[in-house]
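Take the two lone chains, each set in its own frame, and fit them into one complex as the hints suggest.
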Amino acid sequence: MQILVCIKQVPGTSKIDVDPITGVLKRDGVDSKMNPYDLFAIETALRLKEQKGGTIKVISMGPPQAKEVIKEAFMMGADEGVLVSDRKFAGADVLATSYAISQGVRQLGNLDLILCGKQTTDGDTAQVGPEMAEYLGIPHIANVLKIIEVKESSILVEMDMANTIEMAEIQFPCLLTVEKDIFQPRLPSYKKKLSTKDREIKTITFNDLEDKNEKRYGLSGSPTQVERIFPPSVNSDRETWTGTGAELSSQITDKLKQLKFI
Amino acid sequence: MSKLICHQEKLNESIIQALVEVCPFNALEAKNGTLEITAACKMCKICVKKGPKGVMEFVEEVSTTVDKDLWKGIGVYVDHVEGEIHPVTYELIGKAKELAAVVNFPVYCVFIGNDIKDKAQELLYYGVDEVFVYDYEELNHFRIEPYTAAFEDFIQKMKPSSLLVGATTIGRSLAPRVAARFQTGLTADCTTLEMKENTDLVQIRPAFGGNIMAQIICPNTRPQMATVRYKVMDAPEKQCEPKGKITLCELDPSKLVSAIKVLKVTRKEIEENISDAEVIIAVGRALKSEKDMAMIQELAQLLGAQIAGTRPLVEAGWINAKQQIGLSGRTVKPKLIITLGISGAVQFAAGMNSSEQIFAINKDPHASIFNIAHYGIIGDIYEVVPQLIEDIKSSRPLACAR
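Residue numbers (my numbering), protein chains in the order written: chain A, 1 to 262; chain B, 1 to 402.
Treat the hints as calculated values from the structure; they're not laboratory data. Careful: at least some of the hints might be erroneous.
Simulated DEER-style distance windows between Cβ atoms [what the hints assert, rightly or not]:
no.: 1; chain 1: B; residue 1: Glu57; chain 2: A; residue 2: Lys191; range: 26 to 36 Å
no.: 2; chain 1: B; residue 1: Arg267; chain 2: A; residue 2: Glu214; range: 42 to 52 Å
no.: 3; chain 1: A; residue 1: Gln65; chain 2: B; residue 2: Asp69; range: 41 to 51 Å
no.: 4; chain 1: B; residue 1: Arg285; chain 2: A; residue 2: Lys191; range: 54 to 64 Å
no.: 5; chain 1: B; residue 1: Lys245; chain 2: A; residue 2: Lys33; range: 33 to 43 Å
no.: 6; chain 1: A; residue 1: Lys191; chain 2: B; residue 2: Glu36; range: 32 to 42 Å
no.: 7; chain 1: A; residue 1: Met167; chain 2: B; residue 2: Asn371; range: 45 to 55 Å
no.: 8; chain 1: B; residue 1: Glu9; chain 2: A; residue 2: Arg228; range: 31 to 41 Å
no.: 9; chain 1: A; residue 1: Gln258; chain 2: B; residue 2: Lys363; range: 17 to 27 Å
Straight-line distance between alpha carbons at most 30 Å, and here's what the computed DSSO-like set of lysine-lysine pairs gives [stated by the list, open to error]:
no.: 10; chain 1: B; residue 1: Lys363; chain 2: A; residue 2: Lys255
no.: 11; chain 1: B; residue 1: Lys157; chain 2: B; residue 2: Lys291
no.: 12; chain 1: B; residue 1: Lys31; chain 2: A; residue 2: Lys33
no.: 13; chain 1: B; residue 1: Lys10; chain 2: B; residue 2: Lys72
no.: 14; chain 1: B; residue 1: Lys268; chain 2: A; residue 2: Lys151
no.: 15; chain 1: B; residue 1: Lys3; chain 2: A; residue 2: Lys67
no.: 16; chain 1: A; residue 1: Lys52; chain 2: A; residue 2: Lys202
no.: 17; chain 1: A; residue 1: Lys151; chain 2: A; residue 2: Lys33
no.: 18; chain 1: B; residue 1: Lys53; chain 2: B; residue 2: Lys157
no.: 19; chain 1: A; residue 1: Lys257; chain 2: B; residue 2: Lys31
C-beta atoms are modelled at their ideal positions from N, C-alpha and C, and glycine is treated no differently.
Next up, chain B with everything else stripped away, as it sits in the complex (with noise of 0.2 Å):
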């Protein structure tokens, strides 16, 4: 077992300060002369780094390590709810592809589900190499233990060496378990994924609440898991040709038991607030008529955004008081916002500075949004927005591509 020691008979009074001084989690406490390393220690050895020298030492025991060679390939699980494939699939297996193109492994995807074997062709048409489908009636809902046995089976089959699965609700809930059940390393949420010459993959994620950046590696169990979240990896161009082949798998039905019985599925209701909205159009007092705001509706329902505004469009009745931003209105903090036609007065910009993209259009150079906003655009928003609206549209990638 790999340890951390601490040389006793190197210390002293100041050794002994200074060691509990450079330890990040107090897990080094001086006790009567000598030094005791207590529960608290993350073994992240800066007291071996940066503590006096050689005092503290790091003793590793090589691991058995796995044999990398039978480990072949890239797996992707397909997320849906009933069939219903979401579109972060199509972005891991964008990743995976690149993955993959750096050691020459093949693309799989897993799809776990009821009557999914017609599903399963569209994602050939995306560079899959194969598609790995479990259709029974039993696996209709997403349990657990029928899911992760599913998983399991295609696992032991193709050994994939890595496997990407999508933060969503049931990535969460699968990926774990089935992590658990081969014994091996899962990193939730990574935003970056790199493909090393020995088969390890990079996986970068945020710890401490986005404070900082971990790179970590899974380098002696296979297979490496990682979930991903939607909308940070790049979906591929649909191809006009499927290719690669479907695979049905049969599964013993012994492991179709579960002891969960789903009773009962609503659909949402989808509530408008724009507290929660991921992309927003705020308008502010350029706007010059109500009928305009058909404009600025299209432009929103282009983005799948959220229509919002400031004070004296509430005032005018041109939307509503809960879609006002601002100190007296709501605070929002969306990945993308784009404010028309609002100079930004400290009580609109203290209810939205905090947004992840910030565009602005006005055609005051001056106007005091554009020191908040990440990209400025000097213009008049009667001219702008029409184009946009024109531009998204043509800019929209065509069925498939060549």
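This is chain A alone, in the form it adopts within the complex (with noise of 0.2 Å):
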């Protein structure tokens, strides 16, 4: 089975406040980690493989630094890791990173099922994986609670439905977004991390893409603009209501109301 999971490398903390005068960002530190969902989907990998065989790839997409993101991923037992990084890809936003990152996939060769995690922390849209398979041409599958059984040429997996649990059979190749505690993550391995250190992650540029139309990437192929940032109003009125029992549960009734309770 030849299997490849998306990650991404996110702050460390998402505690990040704006200036209020400049509307600068301020970043606590610069520490950064593996985003956490993207575990479930490495550990799913490694199941898949203890059971069926074959390789785990892993991608990423960002800058140099993002390569420790992919040793971590080797610590877990991935095999190979590429990286997709230019500064022509800087400022994309959904659409144009899906269709980078799509791109990058194109290079790796056949692959039967490609891993998501949830969501990032960072981003926090869980876009991005079901846009990477419109751009690859394949089905996906989002918010998988339970892996089932891997045939031959497909997959059955439980996905989530809010109010119900649908058992669904999908034909490779597909993608699939796997919910957290989908299986408990596996601890980087200290062994492994020996036997990898010297592990080549391959970087794919701008150059090595088969769709070089720079329109498409970083900034100039994101169809958002961020207008402005700001710093999120906080609730931190405090009312006291005095009255008779009529007089509150009046009170109360209305504000329950404008809050959308009732």
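Set out below in structure tokens:
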């Protein structure tokens, strides 16, 4: 089985402040880590490989430092890693990111299964997986809770549908985004750290891609534009109400209505 | 292609230092007296605006813009599982009507499923101009390829300027697929939407884990797409007379093919767990006897709430241990918690003080619960709660509005 796992390096903390006067992002420190949801995707790939054999590749997009998360994937048991990285990809939104990664994926040869975490902790959109599947022309299932069985040319999964759980069979090649807790991710192994420390991580740059139309990448390939960023308003209002039971009750009812609880 | 340029001739050591520091993404690297922009660049342009003047320059290339006059109307995706319309749909219709009024657009719904023709009628009571229905057996379950194909067909046919999709399990899977097909922008989990005169949709969403709000536009492509979570927008009132029309749409059988087979659908067992509850009614020692739990239950039912409480109630056996909030019980973070006759000891407060909205009813004006409550209600629960039950019952909207 040829499996690809998509991973991302995210800031180590989600604590980010905006300077209210200058509007500049203030980042505390520079530590970063693997997107925690991706650990579940890697673990899923490892379990499938244990069952069916094959190769696990990981792909990431980002600056050269993002190789760190690929090394971490090696320490968990991934076999090969590539990084899609180029200044030309700078400022990419969901669409341009999905397109660049999908172009990178096309360089990797035949794949049966692409696995993604359910979302990242920084962008938080859960959109890159499905958009990539579209660009690759393969079907996808999101919110996979469980892998039931792997067959010759398909995989049987359970997906979460809010009020129901659906069991579905999907043909290879396909993309799945997996829920957290699908499997308990293993810890990186020290032995694997030593044995993979010199393993090459290939970098795919703009010049390696099939589609060299610069307008599809980075800021130029991004239909969405951030007009401004601002700190959220915080609900720090405290009110105290007094009155008769009836007065208080109608005040509560009005407020609950306004807050859409009624 | 738009790009950042560094005028290397203007660099000196202190300027390089200043630029390296101004970049929040560490994308500027000093290299032997020159400055290199790395792939970590997010094109935030802070180095242009806040760095030493004239050193960094942003060269913008005017991209080809879409003819916005060709794209009219606001479309709402009808979210449903097996024909059961998700209430987020009505909220999106409400928002779509507001946005449409600014630029005098019609509001459309696109309804994709099996055996749903009759159910589409319901949407006409909420002020939709036209509902486009794709009703095929193959669309019985949500499967990505045929659902995307139907959505695509609707967009090709009507050329809507904006599309709103519920950020449900289905919406979050379907909307990105459609956005990529049209190579257009999609903003997830918008909390505010506004319409500009030039038909650009202003989309505001929390970014970086909610620490920052980002205002996003999609000025050069159409359709503009946004997903919105449930209970963020307001549903319009139901009208007594249906308006608008239903249009049945045809889809080529080749577009109904899927590589996915849905084999079994199991209804989830709803497990009561106060840690996941969105609304909680918490009771404390002010409750005089076990039979008064009936009134608490009635209130909880009206608000779709789960019941929780303090340790004395667990010890009395009126609630079970799994319903206890506090350091020795569970930690909860609901959207709404109403505490009834709870003084708010530290041990209890620690288990619930990050709730989004805290209403506290207590007759002691000095109770420490009032230090953390957003709405502190000084009163006797035996006077307030029965009245509240009546008020909520009578505030239910009538079947429809004239």
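Against the structure, the hints:
1. B/Glu57 / A/Lys191: 26 to 36 Å: Taking Cβ atoms as reference, B/Glu57 and A/Lys191 lie about 50 Å apart, which means the hint is violated.
2. B/Arg267 / A/Glu214: 42 to 52 Å: holds, 50 Å
3. A/Gln65 / B/Asp69: 41 to 51 Å: holds, 46 Å
4. B/Arg285 / A/Lys191: 54 to 64 Å: holds, 57 Å
5. B/Lys245 / A/Lys33: 33 to 43 Å: violated, 53 Å
6. A/Lys191 / B/Glu36: 32 to 42 Å: Given range 32 to 42 Å: holds, Cβ gap about 37 Å.
7. A/Met167 / B/Asn371: 45 to 55 Å: holds, 50 Å
8. B/Glu9 / A/Arg228: 31 to 41 Å: For B/Glu9 and A/Arg228 the Cβ distance comes to about 32 Å; the hint holds.
9. A/Gln258 / B/Lys363: 17 to 27 Å: holds, 25 Å
10. B/Lys363 / A/Lys255: The given pair, whose Cα atoms are some 20 Å apart, holds under the 30 Å limit.
11. B/Lys157 / B/Lys291: Distance ~61 Å between B/Lys157 and B/Lys291 Cα, so the pair is violated.
12. B/Lys31 / A/Lys33: holds, 26 Å
13. B/Lys10 / B/Lys72: violated, 49 Å
14. B/Lys268 / A/Lys151: holds, 26 Å
15. B/Lys3 / A/Lys67: Answer holds: B/Lys3 to A/Lys67 is near 25 Å, not above 30 Å.
16. A/Lys52 / A/Lys202: holds, 26 Å
17. A/Lys151 / A/Lys33: violated, 34 Å
18. B/Lys53 / B/Lys157: violated, 50 Å
19. A/Lys257 / B/Lys31: violated, 60 Å
Checked against the numbered hints given earlier, this structure breaks hints 1, 5, 11, 13, 17, 18, 19; the rest are met.
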